[in-house]
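Visitor: Assemble chain B onto chain A, guided by the hints.
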Amino acid sequence: MTVAEAPTRPKPIPPIFKVNQGFWEGSKVGELRLDHCIDCEHIWFPPSSSCPNCLSTNIDWKAVSGRGKVWSWIWMHQRYGWAFDSEVPYLLVQVNLEEGPSFVSTLVGVQKADIRFDMPVKVTWQERNENQSVPVFTPDDTERPSGAPFGEE
Amino acid sequence: MSINGAPLHGPTAIRDKAAIVGIGNTNFGAVYRDLDPERSAFDLGMEALRNALDDAGLKKSDLDGLIVVRIPGYTRFAEMLGMPQLRLVNVLEGGGRMAGVALQYATMAVATGQAETVAVVYGNNGRSVGARYGGEGSRTPSPDDTAPYETMYGFTSPGAAAAMMWHRYQYEYNAPDDGLAAVAINNRKNGALNSNAVFQKPISYDEYVNARFIAEPLRLFDYCIINDGGVSFIVTTAEKAKTLKHPPAYIGATYAASNLNHNYHVQDLWWEACQDVSRRVYKEADVTPSEIKCAEIYDNFTPTIVFALEGFGFCERGKGHEWVRGGRIELGGQLPVNTCGGHTSESYMQGHALICEAVRQIRGEAGARQVPNADVVQYNCASPITTATILHR
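Quick note, the sequences are listed as chains A and B, same order. Numbering (my numbering) for the first sequence: 1 to 153. Numbering (my numbering) for the second sequence: 154 to 546.
Don't take each hint at face value.
Claimed, not checked - Simulated crosslink set (DSSO-like; lysine-lysine; CA at most 30 Å straight-line):
#1 A:LYS112 to A:LYS18
#2 B:LYS213 to B:LYS170
#3 A:LYS11 to A:LYS62
#4 B:LYS354 to B:LYS342
#5 B:LYS472 to A:LYS69
#6 A:LYS112 to B:LYS472
Unchecked claim - Here are a few chain A residues that face chain B, going by a calculated C-beta distance under 8 Å:
#7 PHE17
#8 SER105
#9 VAL108
Keep in mind the hints are simulated off the structure, nothing from the lab. Every residue gets a Cβ at the ideal spot worked out from N, C-alpha and C, and that includes glycine.
Extracted from the complex, chain A is given alone in its bound form (with noise of 0.2 Å):
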C-alpha cells in the first residue's frame, strides 16, 4: 500500500470532559494521571466524579508510576471499517497497574514471541492529538528501588 492509498480517517479519542481533564493533561506531559481521593487515598480508572471507595467528591489527580504487569493479552484480526482495520492483526493487552486499576491497552516495542503473562511494563505515549496521548505500555527492564523483581510479592 502506498502512502497516498492509506486510510486517512483516524482512530477514536475520547472526548475531552471535565471528568477525565486531569487525566488528558497529563498525557500532555507524560503522567499517567488518574483519580485520586484526598480522604481515603483510592486511586481508580476510569474517571468519575466521586470515590468508588468511600463516595467522597473531595477527589484529585494523582500521577501514578505507569508501572503494571500484563494479564492478558489478544491479537484482533476483524475488520470493522475503521482506522485499525489497516494494522490487523493487532495486539490488545489488558495491563494491571502497580497501583491497582487495570487498563485495556497496547504494547510497543517488543516482538511478538517475547510477550509473557505477568511480565513487568511501564507506560510510554502515542500521540493523537495536540491536547491528548494515549498511553500504551513497553516492557519495563528496570529493577525496582527495593531490588525486589516485580511481580514476586
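Guide: Frame of chain A; chain B shown alone:
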C-alpha cells in the same frame, strides 16, 4: 463465603412456587436468510408471545405481568398487545445476561403474588438493522461513557473480552490451542438435529481449527451468530400450572450474582459469581450438579461454556477444557450441553431460546435431541450478571 457479608439466602421463598408453562419463538433460519430493514423487534416478540400463549393454552387476558427484553419499550408493546393494564411491567436492556434476570424477576413476582402470570418477551431485529458488536459506535459520547477508553485502542467487542479471558485461562490451566474445539463442535452437532436452527450443518475438527481468527485465540466458530428472532416464555403459579396443557417445568430455584466493571471481562473468569449462585441455587432446589440431566449454558462465545461448567460445579476448576472432550457434553454423554445448538448454531437469542430448550427437555418434547429422563435441567449464564435456574418435572 458470601457477597458483601450477606447471608447465603433467607427462607426458601420461591422453591417450586412458580413454573414455566408456555414457550414460543419465531422461525430462526428463515428470518436469517431474509433480511428486512423494516423488521420490528416488537413484531418478532409478538409472534413469539402468540406462540407461547398457544403453547400454554392461555389467552392474553390471562397475563397480568409483562417483561420485555431488547424490545425498545414496554409501553408500545403493551399497547400492541392490547393489554394496557398490568400488575408487573418493565423492560430489560438487550444483553445476554438479561434472560436469566428476566426469569428471576418473573419468578419472584409470581412467587410473592405481585403477579399471577408473567410473560417474558424478547425481540431482536439486530441483523436486519445492521447491529454491530465491534468498531466505532454511533452514539454521541457523554462524560459517563467508559467505552471510549477501550475504543481508542481498537477494543470494542464482547468477543475480544472473552478472548482476553480465555487466553489467560489457557496460561493458568495449560489449555491447548484447540481447547474449545469440543465445545464448538458439540453446538453445531446439536444444531444439526434442530430444524429451526440457523446453522444445521455440523463442523469437523479441521474446519474448527482452520477457521480464521476473529480475536485470537478465538476463531470464527467460537463466536455466536447475529440473527433476528423472537422468543417468549410464560411463568405462572404452581397451582395454575397444574391446570394447563403441558406438564409444568417447575422453578426449583433461581439466583443471580454480579461482577461489574467497565470492561466486560473480569479476572476471576466469573468464578466467584458462579460459586455464589451455585451455593444458593443447588441448596434451595435441593439438587447437586450430578443430578442435572442436561445443561443449557449461555454461550455468547465458547469460553463461557467452560467457565460455567467449572463455576457451577460440573467439573474441577481449570479442568473444564479437558472435561468437555470425548463426547462427555454431547447427546448420550454424561452431561449434554446446549442440546438445541446454542448461540453458535441455533440462534443468538441472548439466552432466551436456551431457556425454552430447557423446558422442552423437561417436557420430553425435544425430539431427536431429547435427553432421556430429563427431569432436572439447568440454565446458567456466566456473565457480568451471572444467573442459574434449576427447572424440574
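Visitor: Check the structure against each numbered hint from earlier and tell me which ones fail, lowest number first.
Guide: Violated: hints 1, 9.
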